[in-house]
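Peer 1: The chain contents come next:
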Amino acid sequence: GQQVMQIPQYQHVQEGEDFTTYCNSSTTLSNIQWYKQRPGGHPVFLIQLVKSGEVKKQKRLTFQFGEAKKNSSLHITATQTTDVGTYFCARHGGSARQLTFGSGTQLTVLP
Amino acid sequence: DGGITQSPKYLFRKEGQNVTLSCEQNLNHDAMYWYRQDPGQGLRLIYYSQIVNDFQKGDIAEGYSVSREKKESFPLTVTSAQKNPTAFYLCASSIDDLGETQYFGPGTRLLVL
Numbered sequence: 001g002q003q004v005m006q007i008p009q010y011q012h013v014q015e016g017e018d019f020t021t022y023c024n025s026s027t028t029l030s031n032i033q034w035y036k037q038r039p040g041g042h043p044v045f046l047i048q049l050v051k052s053g054e055v056k057k058q059k060r061l062t063f064q065f066g067e068a069k070k071n072s073s074l075h076i077t078a079t080q081t082t083d084v085g086t087y088f089c090a091r092h093g094g095s096a097r098q099l100t101f102g103s104g105t106q107l108t109v110l111p
Numbered sequence: 001d002g003g004i005t006q007s008p009k010y011l012f013r014k015e016g017q018n019v020t021l022s023c024e025q026n027l028n029h030d031a032m033y034w035y036r037q038d039p040g041q042g043l044r045l046i047y048y049s050q051i052v053n054d055f056q057k058g059d060i061a062e063g064y065s066v067s068r069e070k071k072e073s074f075p076l077t078v079t080s081a082q083k084n085p086t087a088f089y090l091c092a093s094s095i096d097d098l099g100e101t102q103y104f105g106p107g108t109r110l111l112v113l
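Residue numbers (my numbering), protein chains in the order written: chain A, 1 to 111; chain B, 1 to 113.
Simulated from the structure, these hints should not be mistaken for lab results. Here the structure is a predicted model, which means the values were calculated and not measured. Glycine is no exception: its CB is placed at the ideal position from the N, C-alpha and C atoms. Check before you lean on any hint, since a few could be wrong.
To be verified - If you want a taste of the chain A side facing chain B, the calculated C-beta under 8 Å gives, among others:
1) His12
2) Tyr22
3) Asn24
4) Pro39
5) His42
6) Gln48
7) Ser52
8) Gly53
9) Phe88
10) Leu99
11) Phe101
12) Gly104
Said to hold, decoys possible - Here are the simulated lysine to any residue pairs, SDA-like style, with alpha carbons at most 25 Å apart:
13) A:Lys59 <-> B:Tyr103
14) A:Lys51 <-> A:Thr82
15) A:Lys51 <-> A:Leu61
16) B:Lys57 <-> A:Val44
17) A:Lys51 <-> A:Pro39
18) B:Lys14 <-> B:Ile95
19) A:Lys56 <-> B:Lys57
20) B:Lys9 <-> A:Lys57
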């Protein structure tokens, strides 16, 4: 399927520092979704972005969709230990009608 | 994640045995999915079903089989043909098959002894 590249694979931050993960595609995305998976848990839907240049906020989380709809980012301001987990982006798979997930960014927050 | 159940939470299997993982949803969703997740990696699609009595192969269907006899149930069988079955298996559902929000079950960890 069509890939979405996600970077970085791992990120360690001190509590209170900011964190950003990026998702990139070589082709235009119809939409992008973000999920969070806590250690030992299952992915939980966070948000979906559809419009070019769209920015959405959820408390300390800011999600952006690029103007060309080929990239997206998730930024967390002033991380907390509750932010620990793996963050995945996912793209709609077009004709296959399925979501294709990025490889995820595993966030560790050091107290 | 409410409304999707997977059982068992942990499953041990001897090499050469088939095993069936259960997935049930009471969300009245048409579409259901099975993913495999290996340690430190993303989710890979095994099979998906858009409607009852219909299903399609995902990216890594070899060694797996599914059925969709009822809207609320989508069991996955890991057959002996699957060479490396030890993994975390996640079931998900969505309202329709148009790539909308997916809701995941708690997962089943399969360990082949």
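Peer 1: Hint by hint, note whether the structure agrees.
Peer 2: Okay, the hints, checked on the actual structure:
no. : hint                 : verdict
1   : His12                : violated, 14 Å
2   : Tyr22                : violated, 15 Å
3   : Asn24                : violated, 14 Å
4   : Pro39                : violated, 11 Å
5   : His42                : holds, 4 Å
6   : Gln48                : holds, 7 Å
7   : Ser52                : violated, 18 Å
8   : Gly53                : violated, 21 Å
9   : Phe88                : holds, 6 Å
10  : Leu99                : holds, 6 Å
11  : Phe101               : holds, 4 Å
12  : Gly104               : holds, 5 Å
13  : A:Lys59 <-> B:Tyr103 : holds, 22 Å
14  : A:Lys51 <-> A:Thr82  : violated, 29 Å
15  : A:Lys51 <-> A:Leu61  : holds, 18 Å
16  : B:Lys57 <-> A:Val44  : holds, 24 Å
17  : A:Lys51 <-> A:Pro39  : violated, 31 Å
18  : B:Lys14 <-> B:Ile95  : violated, 36 Å
19  : A:Lys56 <-> B:Lys57  : violated, 34 Å
20  : B:Lys9 <-> A:Lys57   : violated, 34 Å
Consistency note: the structure conflicts with the earlier hints numbered 1, 2, 3, 4, 7, 8, 14, 17, 18, 19, 20.
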